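Number of protein chains: 2
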Amino acid sequence: MPNLKNNITDLFGIQYPIIQGGMVWVSGGKLAGAVSKAGGLGLVGAGSMKPDLLAEHIKKAQQITDKPVGVNVPLLYKYCEEQINTALDLGIKIFFTSAGSPKKYTSFLKDKGCKVVHVTSSPELALKCEAAGVDAVVAEGFEAGGHNGRDEITTMTLIPQVVDALSIPVIAAGGIGDGRAIAAAIALGASGVQLGSRFAATQESSAHDNFKQAIVNATSGSTMLSMKKLVPVRLLKNKFWEEITVMEENCTDPAKIQEHLGKGRAKAGMLEGDMNEGELEIGQISGLIKNIPTVEECMKDLVAGYNQAIERLNRKLF
Amino acid sequence: MPNLKNNITDLFGIQYPIIQGGMVWVSGGKLAGAVSKAGGLGLVGAGSMKPDLLAEHIKKAQQITDKPVGVNVPLLYKYCEEQINTALDLGIKIFFTSAGSPKKYTSFLKDKGCKVVHVTSSPELALKCEAAGVDAVVAEGFEAGGHNGRDEITTMTLIPQVVDALSIPVIAAGGIGDGRAIAAAIALGASGVQLGSRFAATQESSAHDNFKQAIVNATSGSTMLSMKKLVPVRLLKNKFWEEITVMEENCTDPAKIQEHLGKGRAKAGMLEGDMNEGELEIGQISGLIKNIPTVEECMKDLVAGYNQAIERLNRKLF
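Protein sequences appear in the order of chains A and B.
In terms of my numbering, the first sequence has 182 at position 182, counting the first letter as 1, and numbering is strictly consecutive.
In terms of my numbering, the second sequence has 1248 at position 248, counting the first letter as 1, and numbering is strictly consecutive.
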């Protein structure tokens, strides 16, 4: 795949510019290690982990592969500084930060010799990331699972605008589930891609089997950007989602919605498999996902699909 | 451009698989004729036109070019049957229908030797179009301007799912503003593309100059899918949009919102240039659009941009 080598593969020292996004309760050391072993970049999602647990997962990933592994640190969690220090102590050199200001840790991490990427949902925020000194940005569209931006900018419109605004590499995220979409993202100007949902439904993901099966069963309209008056988050439709949606449509006080959300919903749904009461964060591309392969099989499919898409673009179509 | 020839160019007898979407108040005969003359497929948007006015616009397009020109007929308008008969009388052989059942006129039009395409926003509806006997579908994503689907499926996730579900050609729409996005759509499996906003901001479009300038001034987050409790429609944010949005956020009775919408808002905004009180239907890709070229210049840019994107995909990146 010589044409999959670019500035993102050089930046991280990886074979394919395919990154597995950090996902709470889903992307532990087993998944991140497997993705890096298969030639992509695996990220341990620190979001749901206390520093001790994060250390365990980083070590697990490092036992699986000698290749680079990164950590995704959402900056809204109270442990984020300890998480960063834990990862540094274990030799992590690649940090993806999100859900907070890129100014907060970028210089600190760059001074330690790390590569830093921040996740953004608009060209305006992407420019702030570049000004903060990050090496690259993840530009994540409206179709992405989990937390999302308020402007509802889709991947198709976001990527070219971020690419035009910045001089650093752009990693496209949101709605990318197969090799065709990787080719589409590169056509739009991205240098690499970040996939969440596709890797959530692999053997090595720590998502509960019920959740993996729900991803496979999803159709194109099975997710919706929800809880916009709290923090916008894309959820798989289930009983919990319906309750929240009825409350939102009836203009229920956001504090009451927060109360109904309560604590532990995401863990209950995604890790423990409660498909009714759990909060199921997943992307709109779930509708395309029809199997639960190993990470190695998944990566082979992605690369093969990418190459087929390029071949198709190069011949008289049909 | 031999690689831009495919089953869509064969279907319509055109040079490039680039279609100018029908847009109320914006896509008259001047725009449709210019797009067809430049090698794409121009569509006269019948939506806002009484049959007599439609006839005038079709004749105008036919005076500009001998090449095929189509008509877009939204099936929710009371004049739609007369519109179809008017177009047939004037020799129109290409019909894009939307906003209604594909069963309604497809057989009738096919029996008259016409090519029929229906616009859809989900794989499920696309299958109904195929069953109704259409020659192709337009699969239009959440980022598109104007009327939109309820499932909020973006172009990036919609296209591959529609392509996988159907055996007829798929035309991608929503969020396509330059040649990079055309390449992306083809990578996702589409056989052609339909562009609205890009052609709305050309010299030949009948959009008011104020509206064209507002498209050029738009940034990535300047539009929003609105009026979801009536019919979801993507609008440029302005005073009218703010009023409607406040009403929606406060759970105002939809009948009151309908009353505030009133009549003639779209004409006032898009044709007559009232940027405060008018309803401005436009796509999210407005943020990318930075000029008001002639259609010929626009088509040259699209094709050149497409070829550059393909070249980029074929070489070691950067």
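Each hint should be verified, as a subset may be incorrect.
To be verified - Derived DSSO-like pairs (lysine-lysine); straight-line CA-CA distance at most 27 Å: (1) B:K1228 - A:K256; (2) A:K229 - B:K1237; (3) B:K1290 - A:K228; (4) A:K228 - B:K1103.
As the list claims (entries may be wrong) - Rough simulated footprint, nothing fancy, chain B against chain A, three-plus residues with beta-carbon under 8 Å: (5) 75–81; (6) 130–138; (7) 212–224; (8) 307–313.
In case anyone wonders, no lab produced these hints; they're calculated from the structure.
Remember, it's a predicted structure, so these values are computed and weren't measured experimentally.
Glycine included, each C-beta is placed from N, C-alpha and C at the ideal position.
Checked hints:
Under the criterion of a C-alpha separation no larger than 27 Å, the hint pairing K1228 of chain B with K256 of chain A is consistent with the structure, at around 23 Å. The straight-line distance between the Cα atoms of K229 of chain A and K1237 of chain B is roughly 19 Å, inside the 27 Å bound, and the hint therefore holds. Taking the CA atoms of K1290 of chain B and K228 of chain A, the gap is near 30 Å; set against the 27 Å cutoff, the hint is violated. At roughly 37 Å between alpha-carbon atoms, K228 of chain A and K1103 of chain B are farther apart than 27 Å, so this suggested pair is violated.
Restraint check on the stretch 75–81 of chain A versus chain B: 0 residues with Cβ-Cβ distances below 8 Å, three needed, restraint violated. With a threshold of 8 Å between beta carbons, the proposed coverage of the stretch 130–138 of chain A by chain B is violated, since 0 of its residues qualify and at least three are required. Under a criterion of three residues with beta carbons nearer than 8 Å to beta carbons of chain B, the stated coverage of the stretch 212–224 of chain A is upheld, 4 such residues being counted. Restraint check on the stretch 307–313 of chain A versus chain B: 4 residues with Cβ-Cβ distances below 8 Å, three needed, restraint holds.
In the structure shown, a violation is registered for the earlier hints numbered 3, 4, 5, 6, in ascending order.
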